[in-house]
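Participant: Add chain V to chain H, keeping to what the hints say.
Chains as they are written, first to last, in my numbering: chain H, 30 to 351; chain V, 30 to 351.
Hints are not guaranteed to be accurate.
Stated by the list, open to error - For each label pair, taking beta carbons as the anchor points, the in silico distance ranges come out as: (1) Ala204(H) / Glu64(V): 22 to 28 Å; (2) Arg167(V) / Glu83(H): 25 to 31 Å; (3) Lys84(H) / Val143(V): 30 to 36 Å.
Said to hold, decoys possible - On the chain H side, residues computed to face chain V include the following (Cβ under 8 Å): (4) Ile59; (5) Glu135; (6) Glu344; (7) Leu348.
No lab work stands behind these hints: they were computed from the structure.
C-beta: ideal position from N, C-alpha, C; glycine also.
Single-letter residue listing:
Number of protein chains: 2
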Amino acid sequence: MAVYTQVSDEDLSRFVADYDIGDVVSFSGIAEGVENSNFHVRTSQTSYILTLYEKRVAPQDLPFFVNLMEYLAARGLRCPTPIRARDGQALRRLNGRPAAIVSFLEGLWPRRIVPAHCAGLGDALARLHRAQEGFPMRRTNALSLSGWRSLVAACEARADEVKPGLGASIKAELAHLEVAWPKTLPEGVIHADLFPDNVFFLGDKVSGLIDFYFACNDFLAYDLAICLNAWCFEPDHAFNVTKARLLASAYQHHRPLSPAETKALPVLCRGSALRFLLTRLYDWLNHPEGALVRPKDPLEYWAKLQFHQRVSGPEGYGLDPA
Amino acid sequence: MAVYTQVSDEDLSRFVADYDIGDVVSFSGIAEGVENSNFHVRTSQTSYILTLYEKRVAPQDLPFFVNLMEYLAARGLRCPTPIRARDGQALRRLNGRPAAIVSFLEGLWPRRIVPAHCAGLGDALARLHRAQEGFPMRRTNALSLSGWRSLVAACEARADEVKPGLGASIKAELAHLEVAWPKTLPEGVIHADLFPDNVFFLGDKVSGLIDFYFACNDFLAYDLAICLNAWCFEPDHAFNVTKARLLASAYQHHRPLSPAETKALPVLCRGSALRFLLTRLYDWLNHPEGALVRPKDPLEYWAKLQFHQRVSGPEGYGLDPA
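Looking at chain H on its own, in the form it has when it is part of the complex (with noise of 0.2 Å):
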């Protein structure tokens, strides 16, 4: 639960003063996310979260966040919009943290999903993939093919521990994907954790986009492959492919996914499969003891992963094949 810092009333008031937002009325931690200390704060005006970005967020990392997220709000996406204080900053210091105000969003994020959040979702995701292009900075993805080696090595020798020969599976699967990776895919800035807790809904229709703090530039189709993880299995593993159609025909009717892009998909699920596996295991391996935050379970993903490596080609997802 995130609030590692605390603010007192006084700091808020004072860092409050230095905007044109009114003056504060209330002001509680959030008890959602894992990565940052979040606050609900209301002023005469209206609503805004307050985020003092922690360790896990590289300094350096955030001007490309904020000014992200300023520029697809700007362009219609519905996402946090940094708020600037009187000195045209939107990246501020607080309680010795960087901290920005965003606006806040309307909306709840589904805990069971149906076909109708997939094809919400769908429309979303290629609505910020409009969004994005001509965004000028660039971030690379720490988490792709070269994190993952690293990620294979500092997980190999242990991984057994959570299954007998995840290992070497671990391995083969990125020795796979290191040949069969794509190389020229259209690319643009992603989200890149698209997940539930993500996306808010009013009813079945997305309200906005949050958490954009693993956005990076990326295949924009390699997007989709994690919406496909993330959404698209049951709880019991099994793949719904109705939600998938759902979520990729939504998807195209905004942005048509190109052949190469289509005949892609099953090595980039695989590829998304693998990297959820590797930080979960990561974390997993490496989480202290009576950690407040409780590792999420990689073998969901390991499960994910074995899905994509018997699919031949998109019909496995529910499109024409390329």
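Facilitator: Positioned in the frame of chain H, the structure of chain V alone reads:
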């Protein structure tokens, strides 16, 4: 941090549909508090707090608390107002827990107490004591003399682990209070836990009192003694008589203390200091290894108790002698 029970968007929407408060448009867990699970719920109409009552609140006490808040709010006190569902009930169930929706109060609780806060507090405390008059339900204070007896018995043997001699000291203090504790003083429903995090301010005006889950019948002046302990000591445990004088005189503006109450103040302050010393000591000695909530320092209240032991009369708190 207080979200022990997760609530899904679907469960919440079903729950809220039984009320005439509009549709849910936003929902997040609140990181403050340690007893219950609290959520910020925004509907198409306004904002509310949803509370799920966890194990530390006895279910048989809940009607007292909920009816009390409703009674106080109806009599003009600024406190959370329980919202009744269409079936007329304010106390309902969600995810297997007793649950209630209450009105949302603006305001921030003060982290650094200045004298003006104590004047606001005294005013609000007296208004509470006037507003509770005529409330028809009763709840015994389980943390008065008989409760202290049990806690001393439970802690005595191991108290010296915290500070050499503490076991004998708390036993001696209990013996003193068994004799000196008042038999008859004006009684009523007291808040019994009016620490700074339960008092919201906008500027130096009190905007509301929250967290009535220790409320019970006891001497009204004992509530004032609890506030003297919780608000009038500086972080170095020095007693600030200016704050005490402002607290007591603002209180007496609405509810003058009787000579007997004024005279009893030193012993009531000793009892209140012992009460928080004992519950903190118990939690300190009995908290599980690696628990989420770090227990509060019992010795803070040992220092306060020692101050009160040296006070010879109400003048020590800045009051005129009775």
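Participant: None of the hints should be skipped; say for each whether it holds.
Facilitator: Hints and how they fare:
One distance hint, 22 to 28 Å for the beta-carbon pair alanine 204(H) and glutamate 64(V), is violated here, with the actual separation near 53 Å. At roughly 47 Å, the beta carbons of arginine 167(V) and glutamate 83(H) sit outside the given window of 25 to 31 Å. Roughly 33 Å separates the CB atoms of lysine 84(H) and valine 143(V), a value that falls within the hinted 30 to 36 Å. With a least beta-carbon distance of about 5 Å to chain V, the hint placing isoleucine 59(H) at the interface is held under the 8 Å criterion.
Look at glutamate 135(H): its Cβ gets to within about 4 Å of chain V, closer than 8 Å, so that hint holds up. Interface restraint check: glutamate 344(H) against chain V, minimum CB-CB distance 32 Å, threshold 8 Å, status violated. Below 8 Å, beta-carbon pairs count as interface contacts, and leucine 348(H) has none with chain V, the closest being about 29 Å; its hint is therefore violated.
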